[in-house]
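In order, the protein sequences belong to chains A and B. Using my numbering, the letters of the first sequence correspond one by one to residues 16 to 155. Using my numbering, the letters of the second sequence correspond one by one to residues 16 to 155.
Rather than coming from a laboratory, the hints here were simulated on the basis of the structure. None of the values given here were measured: they were computed from a predicted structure. One or more of the hints may lead you astray.
No copy is singled out in the list; a pair is fine if it fits within one copy or between any two copies.
[Stated by the list, open to error] Mimicking BS3-like on lysine-lysine, the simulated pairs with C-alpha atoms at most 25 Å apart in a straight line are:
no.	residue 1	residue 2
1	K89	K55
2	K67	K149
3	K89	K19
4	K89	K26
5	K67	K127
6	K145	K130
7	K55	K145
Number of protein chains: 2
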Amino acid sequence: MVFKLNARLAKDTLYVSENAYSQILLMNDSRYPWFIIVPKTNALEIFNLEEKWQLELNEQINLISIFLKSKYPKSILNIAKIGNIVQQLHIHVLARFENDFAWPNPVWGVGKMDKYNEKDSMILIDEFNKYFNKYYGIIN
Amino acid sequence: MVFKLNARLAKDTLYVSENAYSQILLMNDSRYPWFIIVPKTNALEIFNLEEKWQLELNEQINLISIFLKSKYPKSILNIAKIGNIVQQLHIHVLARFENDFAWPNPVWGVGKMDKYNEKDSMILIDEFNKYFNKYYGIIN
Numbered sequence: 016m017v018f019k020l021n022a023r024l025a026k027d028t029l030y031v032s033e034n035a036y037s038q039i040l041l042m043n044d045s046r047y048p049w050f051i052i053v054p055k056t057n058a059l060e061i062f063n064l065e066e067k068w069q070l071e072l073n074e075q076i077n078l079i080s081i082f083l084k085s086k087y088p089k090s091i092l093n094i095a096k097i098g099n100i101v102q103q104l105h106i107h108v109l110a111r112f113e114n115d116f117a118w119p120n121p122v123w124g125v126g127k128m129d130k131y132n133e134k135d136s137m138i139l140i141d142e143f144n145k146y147f148n149k150y151y152g153i154i155n
Numbered sequence: 016m017v018f019k020l021n022a023r024l025a026k027d028t029l030y031v032s033e034n035a036y037s038q039i040l041l042m043n044d045s046r047y048p049w050f051i052i053v054p055k056t057n058a059l060e061i062f063n064l065e066e067k068w069q070l071e072l073n074e075q076i077n078l079i080s081i082f083l084k085s086k087y088p089k090s091i092l093n094i095a096k097i098g099n100i101v102q103q104l105h106i107h108v109l110a111r112f113e114n115d116f117a118w119p120n121p122v123w124g125v126g127k128m129d130k131y132n133e134k135d136s137m138i139l140i141d142e143f144n145k146y147f148n149k150y151y152g153i154i155n
């Protein structure tokens, strides 16, 4: 298939990285450190992905989780596949804090996005990519 | 460890089934077909579970997903680990509909729970358990 990122996702996010399986994005909302994994598939649900692909997705979720929890030890991770508004399969992995904007509610649809300044987003993306490229092994 | 279900989860749910890895619950809210998996662990994040356990959890999520999507073909699945209010690790797997109460927002904290009448919940739980017991294989 030709992968085409949903227009709403493209508008709301910054590009982080990609491989054969998926694209990783950063939600352009500095209120929360918030990554999004978009598998390069037409499947709409995780169970529709073949097993190997699910394992790959899990590894990506785990690595983002460990990155966030290492960087923000007091955070609580929110991991979710919703898809009510943007149906293209995508998985949210973000860190929550007891004083964050939406706390303790979920983040979706709450308040207005607070975009990163370019330098801050570049530092975070660079730090993430160094970490991810060091530990990510494509499952064979 | 001795597994003890969080009091809030116990209050809001109906018992469905359990095995060595986890307890499965039905949210006592007939607005949405909504299962919850509670791994029997003190870990607070999915990445903290050992690999075999994560695979087991994924199989449980997949089976609940397939059950829901088979029963409600037009639904969209919401799958989430949140843990902002109840920290005991638990994973939500529920079916959403374009005319449901909270649509298109997430379900957490929206409106009041609409409890099942006992017969309806028993029918759903029985149907689920027959399906789950047929297809669930503990990973060795």
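Here is how each hint holds up against the structure:
1. For the identical chains of this complex, K89 and K55 are inter-copy neighbours only, at 22 Å across copies versus 32 Å inside a copy, given an alpha-carbon limit of 25 Å.
2. In this homomeric assembly, K67 and K149 come within 25 Å of each other (Cα to Cα) both inside a single copy, at 21 Å, and across copies, at 23 Å.
3. For the identical chains of this complex, K89 and K19 are inter-copy neighbours only, at 24 Å across copies versus 36 Å inside a copy, given an alpha-carbon limit of 25 Å.
4. For a Cα distance limit of 25 Å, the shortest separation of K89 from K26 qualifies neither inside one copy, at 30 Å, nor across copies, at 27 Å.
5. Taking identical chains as interchangeable, the C-alpha atoms of K67 and K127 are never at most 25 Å apart, the minima being 37 Å within one chain and 40 Å between chains.
6. Taking the shortest Cα distances, K145 and K130 sit within 25 Å of each other inside one copy (23 Å), while across copies they are farther apart (48 Å).
7. For a Cα distance limit of 25 Å, the shortest separation of K55 from K145 inside one copy, 22 Å, qualifies, whereas the shortest one across copies, 34 Å, does not.
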